[in-house]
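S.K.: Produce the entire structure from the sequences given, and follow the hints as far as they go.
Protein chains: 2
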Amino acid sequence: MTRKVALVAGGTTSKWGVYPGTLRDIISEAAKACFDSNPRIKADQIQGFIFCSVFPERSAYQSHTAPWAAECAGVKPNRIFCRVENMCGSGTVGIRTAYTAIASGLADLVMVLGAEKMFVPNPQEIMLNMLTGVDREWEGSTGLTAPVQFALAAQAHMRKYGTTEEQLALVSTKNHLNASRNPYSQFPKPCTVADVLASKPVTSPLKIFDCSSITDGGAAVILAAEELAKELTDNPVYILGTCQAASGFNYANIPDDWADWDVLNQAAQTAYKMAGIKPKDVDVAEVHDCFSISEIIEYEALGFCLKGEGGNFVASGCSDYGGQVVVNPRGGLIGCGHPLGATGVAQAVEVFRQLRNEAGERQVANAKIGLNHNLSGIAEHHVVIYGSKEVL
Amino acid sequence: MTRKVALVAGGTTSKWGVYPGTLRDIISEAAKACFDSNPRIKADQIQGFIFCSVFPERSAYQSHTAPWAAECAGVKPNRIFCRVENMCGSGTVGIRTAYTAIASGLADLVMVLGAEKMFVPNPQEIMLNMLTGVDREWEGSTGLTAPVQFALAAQAHMRKYGTTEEQLALVSTKNHLNASRNPYSQFPKPCTVADVLASKPVTSPLKIFDCSSITDGGAAVILAAEELAKELTDNPVYILGTCQAASGFNYANIPDDWADWDVLNQAAQTAYKMAGIKPKDVDVAEVHDCFSISEIIEYEALGFCLKGEGGNFVASGCSDYGGQVVVNPRGGLIGCGHPLGATGVAQAVEVFRQLRNEAGERQVANAKIGLNHNLSGIAEHHVVIYGSKEVL
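Line by line, the protein sequences are chains A and B.
The opening residue of the first sequence carries number -1 in the working numbering; numbering runs sequentially from there.
The opening residue of the second sequence carries number -1 in the working numbering; numbering runs sequentially from there.
For the record, the hints were derived by calculation from the structure and aren't laboratory data.
Since the model is a prediction, treat every value here as computed from it, not as a measurement.
Any given hint could turn out to be false.
Claimed, not checked - Label pairs and their in silico Cβ distance ranges:
(1) A/P181 - B/K198: 43 to 53 Å
(2) B/Q264 - A/T190: 33 to 43 Å
(3) A/G315 - B/A250: 50 to 60 Å
(4) A/V16 - B/A313: 50 to 60 Å
(5) B/P18 - A/P181: 49 to 59 Å
(6) B/F117 - A/K387: 48 to 58 Å
(7) A/P181 - B/N233: 17 to 27 Å
(8) B/K13 - A/K13: 28 to 38 Å
As the list claims (entries may be wrong) - Only part of the chain B face toward chain A is listed, based on derived beta-carbon distances under 7 Å:
(9) H62
(10) W66
(11) L104
(12) E229
To be verified - Okay, the calculated bits of chain A under chain B, using three or more residues with CB under 8 Å as the criterion:
(13) 58 to 72
(14) 75 to 87
(15) 92 to 98
(16) 129 to 135
(17) 237 to 246
Glycine is no exception: its CB is placed at the ideal position from the N, C-alpha and C atoms.
M.R.: Have a look at this one:
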């Protein structure tokens, strides 16, 4: 039996979009916001530091970033520190890394900080890194970049299940409306289905309002071992289960039907089993809507509805306030923006706030169980399940 | 009580130096060498994959490398996978990541693979990344790069303790001689103290034979939970203890005297305590001799001798075959080369072989306890302690 692990603090930079400073500044602001959320925690108590960032080498011309970021954050870890990178899924990988460090007994109190500076003076550096997030030699070089891969998934889903462009648009309108209640969101202005359908085409059937964006932003959480967590807060949010799975990297090699992310379903089933819950027990879910189609397939693969019913799930309000599970109350990647390494950590901050009843006008009533799903590629999936109570 | 974790397989690419292929090829060869070392393990049993690499974005123009490398290695992890980066210390960070994943129960069988391609068509890309491994804005830009930082440490050690250039050179001659017995070493030709002293100056007092080099190479190990480890091999090598600590990043902010790495001593003490051993119990040690001075300071900080006695320790043969502890039997970074992300993993492969009595003409007699020390910067330190027997 390993130790229980809980979130005890969390915060984000104050406004996502174009950040008026450097990556260093983003890191410092995110760390400060996290410490400000729990005054009982002192910086010198932090034993571990996990930095989640995808391309500081290109955005800040700085490598060897874990100790550099720790210094920016004002902590001196003496048990564990590293930088993790799993492209868009780096944030939850960081949380899982801290979870295992604590559960295995190597450390008691660990900060996970995600930060990305994507608006830079040399945008070709960022684009080079973004375009090589897929298999550069065998796929990226032929134009099969991420938006095209997700468009192929959307086409497959529409063909197989009759999903419509209007249903895709409803993911975007829901998440933009949610973002309007989130002070740090990059796109806080609500939009209509007509706005989404009329927005600029990117790669059919995806329009620009179906897509997440280039964003500067940062977020941090602190995780603690059970006993320490109880000292540090009256309302810790425990990690109940987690899993990660991959079906491949090269898109052509992925055995799944592109319309069905069975590998995500496998990861989710493992995480649910570990948590001792069923999909219907989830009250609030932060899921990875890098594109609108992603959220629809994720409803299905996470078990919120049956295969093929994702389009109807959003259209009937099941993923909105008052529905079966509130999905992306902070506005998702579409509404908040997507500062790669920060996204998974910011999702965790939202679940932390929701389960502590601290989400203000975004609060999901009686939220007891939260889920955090983050992905990179369309072949890799990370699921973390949280609960506000130690034992269900 | 968490689960015990053991190494059950390990291998390296066949010849380090200029690799006649791409980073992809290095990964595939390292994975094959690892699987070849233990035919009982099948690729489809691997549940986790940790990739240790510092600059695939620049050496191979490929980001999002964990699933990419997993595909090159022929594995499909379904519990954990990520890329870790801690500059020169990435390899042991990867081993620690796999250790915590297994100890905490998230996975039972995890491959850790380190690979670096440093000889590339565009060397300016590599140099840019190397030069930004220190604080670029506040130190690197003024010329305070890694060789200079270690030269300052050497100057401080010589001034404070009377260490000589001849003693520094003895680290190099020992490690070159050891490398001559290692088939994959980049520099297998023995050299004399006179050769070292006459070699090209780099930054006083360091000459080129005091320094590790630019190297292509790869290495992989597989870690397993105790019960599974016993099924997979008759001679598992258990991880008994591990720690990591940092005193800072910016060299000017490091509180230690540059001649004494107290933060390494702290990390080592924590790891020894976890392992239940004393420094004198260590039979064989792979330590991070990125520069000759490093190994001398490490003797002291790891507790093999008292502060200030590192120069005499090597000069009296205490760190050689027949001495107190055999240090760097594979030839160290000076003899083998230093393919950043691969180094810590290759050190672990050597300890694995030594503790299983499989090191051929390099075999340390009656080796029961092995230590693996890897660093990045001069402020961060990683220590992993291994034993061939489950209980001491």
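S.K.: Go through the numbered hints given earlier and state which of them the structure violates, listing their numbers in rising order.
M.R.: 1, 2, 7, 8 and 12
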